[in-house]
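A.B. asks: Quick note, the sequences are listed as chains A and B, same order.
Residue 206 in this note's numbering sits at position 206 of the first sequence, and the numbers go up by one each step.
Just add 298 to wherever you are in the second sequence, counting from 1, and you've got this note's numbering.
There may be inaccurate statements among the hints.
Said to hold, decoys possible - Taking CB as the label site, the calculated pair distances span:
hint: 1; chain 1: B; residue 1: I439; chain 2: A; residue 2: E230; range: 38 to 44 Å
hint: 2; chain 1: A; residue 1: A276; chain 2: B; residue 2: F385; range: 28 to 34 Å
hint: 3; chain 1: A; residue 1: G222; chain 2: B; residue 2: I426; range: 35 to 41 Å
hint: 4; chain 1: A; residue 1: F71; chain 2: B; residue 2: I439; range: 17 to 23 Å
Said to hold, decoys possible - Just a few of them, taken from the derived set where beta-carbon distance is under 8 Å, the chain A residues facing chain B:
hint: 5; residue: L24
hint: 6; residue: S35
hint: 7; residue: Y38
hint: 8; residue: F42
hint: 9; residue: G50
hint: 10; residue: H61
hint: 11; residue: F71
Since the hints were derived computationally from the structure, they do not count as laboratory data.
Glycine residues also receive a C-beta, built at the ideal position from the N, C-alpha and C atoms.
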Amino acid sequence: MSRRARNRTKKKIVIDPRYIFILLFILCIGTIFFSFRYKEKFKPVKEAFGNFITPMQRGIHVVGSTVADRFRLFTDIQDLIAENDALKAQIDELKTQNSILTQEKYELNWYRELYSLDQQYSDFEKVAATVISREPNSYCNEFIIDKGSEDGLAPDMNVISGNGLVGIIIETGRNWSRVRSIIDDSSSVSGMFLTTSDTCIVSGNLELLDDGYINVKMISMGAEIYDNYEVVTSYISDKYLPGILIGYVSNIRTDQNTMSKEAYLTPVVDFQHIEAVLVITELKEKLEDLDGVVSSDY
Amino acid sequence: MIIRILAVIAEAVLLYILQTSVFTSIALAGVVPDLLLILVVSVAFMRGRIPAMLTGVICGLAIDFTYSSFIGLFAVMYLIIGYLAGFSNKIYDENDYTIPLILIGVAELFYNLLYYLVFYLLQGKLNIGYYLVRFMFPRVIYTVLLAILLYKFLNVCNIFLKRFDRD
Numbered sequence: 001m002s003r004r005a006r007n008r009t010k011k012k013i014v015i016d017p018r019y020i021f022i023l024l025f026i027l028c029i030g031t032i033f034f035s036f037r038y039k040e041k042f043k044p045v046k047e048a049f050g051n052f053i054t055p056m057q058r059g060i061h062v063v064g065s066t067v068a069d070r071f072r073l074f075t076d077i078q079d080l081i082a083e084n085d086a087l088k089a090q091i092d093e094l095k096t097q098n099s100i101l102t103q104e105k106y107e108l109n110w111y112r113e114l115y116s117l118d119q120q121y122s123d124f125e126k127v128a129a130t131v132i133s134r135e136p137n138s139y140c141n142e143f144i145i146d147k148g149s150e151d152g153l154a155p156d157m158n159v160i161s162g163n164g165l166v167g168i169i170i171e172t173g174r175n176w177s178r179v180r181s182i183i184d185d186s187s188s189v190s191g192m193f194l195t196t197s198d199t200c201i202v203s204g205n206l207e208l209l210d211d212g213y214i215n216v217k218m219i220s221m222g223a224e225i226y227d228n229y230e231v232v233t234s235y236i237s238d239k240y241l242p243g244i245l246i247g248y249v250s251n252i253r254t255d256q257n258t259m260s261k262e263a264y265l266t267p268v269v270d271f272q273h274i275e276a277v278l279v280i281t282e283l284k285e286k287l288e289d290l291d292g293v294v295s296s297d298y
Numbered sequence: 299m300i301i302r303i304l305a306v307i308a309e310a311v312l313l314y315i316l317q318t319s320v321f322t323s324i325a326l327a328g329v330v331p332d333l334l335l336i337l338v339v340s341v342a343f344m345r346g347r348i349p350a351m352l353t354g355v356i357c358g359l360a361i362d363f364t365y366s367s368f369i370g371l372f373a374v375m376y377l378i379i380g381y382l383a384g385f386s387n388k389i390y391d392e393n394d395y396t397i398p399l400i401l402i403g404v405a406e407l408f409y410n411l412l413y414y415l416v417f418y419l420l421q422g423k424l425n426i427g428y429y430l431v432r433f434m435f436p437r438v439i440y441t442v443l444l445a446i447l448l449y450k451f452l453n454v455c456n457i458f459l460k461r462f463d464r465d
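Bound conformation, chain B alone (with noise of 0.2 Å):
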């Protein structure tokens, strides 16, 4: 259990890194793709709703203390993201690198959707196709585009982690 945690938390820690000081020099068309949900929703897919909540607060968390005025906005929107995405867990298998795909894309789409209310609907900002077709699929298809690499070594940690789970 303490290494399944240490775990999330390194991968945590790697994956924020690289999202905000690597992908942010190679973003395409300014778009930077969104690693951290791959990992909230991956371990949603993997191991179920409960684990999937407290990654989700951690990431979230992690985005919050560095770049948000209010502590807690990113943390609620991987929460909401983690819990829901949890439910998949019941058609979980080792070797199925579609589905996953899937949900990350779809998690992406509503992550931004959810954005978009908070931070420009709230605001007065209705050009809602303008944000869509300029940000959101962009940042779908980049991100469904590197989970394609990334879920499976994620994957792989999860299934190498199993053997020390006791039974």
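This is chain A alone, in the form it adopts within the complex (with noise of 0.2 Å):
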């Protein structure tokens, strides 16, 4: 039987791959536009998506971290016996430093009551996450977390780690959220010079992150700074709660376009290791306008 006799008693359909391919595009095409005008249409979808592979990934997140944890046991056996004689002398010199420091706090207690400063990050309502899943293009830095609207957050919330910013949720599902980390290209924060009170812009910059740095811009040329300078959250940010630590500035230098100094900045975090996170389930109360809310990126 010839091919043809027998697509014909098969009524077997054929379609030339070109046009499935010119339709498949066009859809494509179709539904970036629609999700970029109306985006809560595809929210249902996309929670429910989550909702099915976020389990699965926190599993095998915890196969996937055993595996590295057995690898890393083989090849940094030697780093670690350095580095525990080193903790070791870090802990004495610690124990000192605490002593002094709970003597300190007595007083510092006294001094936040006189101001009333209870306000500090430290006193925010957090809740811990753990990070399950990490951005698949190598490009980004951003990673999924195990805990989602069920758990009080929401997007704009801030999420920290040990004393330092992380990133931000921008997006929520029932037992998920999505975190952008201040080094992603896509980033920026307003922030301020502790000891100065100048603002400034935090960027992520990829070209940069082998080094371990991150951008700082529009700082103000009278603005009297030097290196390892700390950089925290500014008051006038309209996501980012103020006083939370961003990390150290380096290399300063002018910019000659902006009339305005840029340097760069060694986050405290680091973000190649982040496991768990903490995210403060408070947000920054947002200006509102008579007609609507007021918001900006950073």
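Make one complex out of these two single chains by using the hints.
C.D. replies: As structure tokens, then:
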């Protein structure tokens, strides 16, 4: 039986792949524009997909990190011994420091009461979460954590780790949230120098990341800043709570185009090995206009 | 036919989870291998253009739903790769393990260039040399290395599934 005859007997419809390609291409381009315009329409689909995939990711993350830990066991043992010695020395040093600090803490509490500075970020309610998956394209620095709207999380909540700022939640599902870290190329945070109160913009830069830096821009020319000054989130930021440590500046120079200073910043958080994070479940109060919410990217 | 579709979805889900959860913990030189691309190109080589395009859209949507602000961007990138790689089906041979690796390498480079074009060039980041050396070449090498194992597995699956095909 010839091929054509067989096709006819089975009534098989043969379509040129070219047309399917064009059809799917137009469909995809259509959904890009549609989802750009009506973001909320896709929320249920995204939620459903997240609910389906998150439990599996959470399970396999445990396996993955166990395997990675095993690998590390063999490769890092020399480093660990050296580090252990260094840490032991550090413990002694810290013990003495700690006793001094406990004394000072009483003093500090007293001063705080005096100034009624009870709105420090250390007092905010926090939720602990684990990083369960990362962006698969290597270029971005976004990751998924295992807590979502069920645990009281919402977009624009600040994420911290240890003592430093990690990033901000940009999307939440029922049991997962997507976090954009401050080292991501598209992230920018309104910051402030702790000692001089000069404001600046801290933005991620992929090209500097291997050296462990991100960019600090728009520092005013008159600012008297030097290397290793601390940068914290500023009071004028719309989304970030004030006073969270971001990192330390270095390499300060003048940008001729904008007549401002710019510098590099070393984040305090180790983004390579980030595992557990804390989400501050307090949103910065938005400025409201008469006709709606005013917000900016910073 | 239905078994084929279910198999592709199962493979896509498995590789997606591996790529986002396991390989990010054991990333080499800061890059993650592109397992979904290996799947798309393998299907293209083994089965032709139409299955590859559908696989591409499924894999792309999986990334879109979790990691993209717009739906369809990665779907369209994988769709183009599936379509183009699908032409290679004409020279498919069950025992050929070299051509698919070359195809996967070329496709990975193409995918990265597309990604650079969409996300960085349009932002005015012209330093393509840096992105090539730092991200694209390491990703191509890492992906091809993994493809050596993964393609073999996918090929065995394909040969096994042939039993269920009618005529």
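A.B. asks: Each of the hints needs a verdict: does it hold here or not?
C.D. replies: Each hint, compared with the structure:
1. B:I439 - A:E230: 38 to 44 Å: Holds, since I439 of chain B and E230 of chain A (Cβ atoms, about 40 Å apart) stay within the stated range.
2. A:A276 - B:F385: 28 to 34 Å: violated, 48 Å
3. A:G222 - B:I426: 35 to 41 Å: This hint holds: roughly 38 Å between Cβ atoms.
4. A:F71 - B:I439: 17 to 23 Å: Hint holds: Cβ distance 19 Å, inside 17 to 23 Å.
5. L24: Hint holds; L24 of chain A Cβ to chain B Cβ min 6 Å, cut 8 Å.
6. S35: holds, 4 Å
7. Y38: Where the cut-off is 8 Å and the nearest Cβ of chain B is about 10 Å from Y38 of chain A, the hint is violated.
8. F42: holds, 5 Å
9. G50: holds, 7 Å
10. H61: holds, 5 Å
11. F71: This interface hint holds because 7 Å falls under the 8 Å limit.
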